[in-house]
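Numbering-wise (our numbering), the sequence shown opens with residue 1 and increments by one.
Simulated restraints on C-beta separations: (1) ARG116 <-> VAL36: 46 to 56 Å; (2) ARG198 <-> ASP142: 18 to 28 Å; (3) ALA208 <-> LEU77: 48 to 58 Å; (4) GLU65 <-> SER273: 47 to 57 Å; (5) PRO176 <-> LEU277: 45 to 55 Å; (6) ASN224 <-> LEU77: 46 to 56 Å; (7) LYS22 <-> ALA62: 19 to 29 Å; (8) VAL36 <-> ASP142: 43 to 53 Å; (9) GLY68 <-> LYS22: 14 to 24 Å; (10) THR213 <-> ALA120: 44 to 54 Å.
Hints in this document: simulated from the structure, not taken from any laboratory.
C-beta atoms are modelled at their ideal positions from N, C-alpha and C, and glycine is treated no differently.
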Amino acid sequence: MKNSIQHIQAFLTVARTGSFTKAASELNLSPSALTVQVQQLEEWLGIALLDRSPRHVSLTPAGQEARGPMEKLLLDLDNIVAGSRDLAALRRGVVTIAALPSVCAGSLPPALRLFRERFAGIDVRLHDVVAHRIHAQVRAGDVDFGIGVRARLSHGLDFVPVLNDRLCAFVPLDHPFAALPRLSLEQLADQPIILTGRDSSVREQVDALFDQTRLSMTAGMEANYMSTVLALVRQGLGISVLPESAADSLEGLQRIAIDHPGVSREIGLISRSGTTLSPAAQRCFDLLSDELSDTSSN
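Work out the full structure, taking the sequences as your base and the hints as a guide.
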């Protein structure tokens with residue numbers, strides 16, 4: 001039935017005021033127009049909602065039973081409208097992001113702090129996961145968007161590049177390499193290298209670098225988290241090759257550039273093709289695109 005919300009509102013106003021005249025005045029309708037709306041609602045439902053007499057209007061048993069659910073329906077609708085307007089105005093909402101651990105530990109937190117300052121009512125939930133899990137979570141709709149590598153980007157996902165991530169060597173301060181400005185892969189190949197787990201994109205890139213140059217890498221210890229890898233390097237248990245932003249602090253470490261073209265990788269925002277982000281997620285996506293790109297260019 002067309003305009004059913006108005007018809008329900010007409011019935012509820014008559015029920016509350018006990019008068020067609022009072023209800024019509026409150027709704028800015030003529031009494032005849034209000035009567036027609038209530039009659040159409042009764043015809044649509046197939047029941048009489050009101051008992052009418054020249055001096056009094058009362059609810060029928062069916063009207064009494066229908067009144068509560070109809071009031072709840074209008075209240076729920078008001079809440080939906082108010083909530084949608086809040087979301088559109090970015091007064092509240094939730095944004096869920098999957099991102100590489102190296103990005104989570106480096107350039108992402110300052111950008112998220114800026115987002116929180118501008119949109120305090122929006123909650124951000126962050127999943128720090130390896131690259132292939134980012135792709136899977138974005139595709140499954142478990143997150144709004146991801147921040148990961150372009151490499152092996154699968155069908156159905158869009159990629160917006162935002163920064164270049166360079167691999168560097170990390171060595172303890174007392175290591176002979178610590179005084180050198182740059183290192184070659186040949187120099188690194190002779191050292192025990194502490195590696196990240198085999199499911200990480202960093203490990204995949206390091207393995208590829210040595211495979212492409214046909215160098216045999218001397219594998220040392222292995223750990224899942226970059227913070228653990230760096231702690232092992234600080235103890236002199238080997239050196240490591242990690243993103244340049246991997247270390248929160250260089251205390252006890254020296255970071256050295258690697259002289260090889262394959263040490264850079266492109267990182268970007270990953271979203272599902274052909275889908276529309278929520279207003280909150282879109283604003284976060286846009287802000288991160290700007291802020292991370294600015295970080296990369298500085």
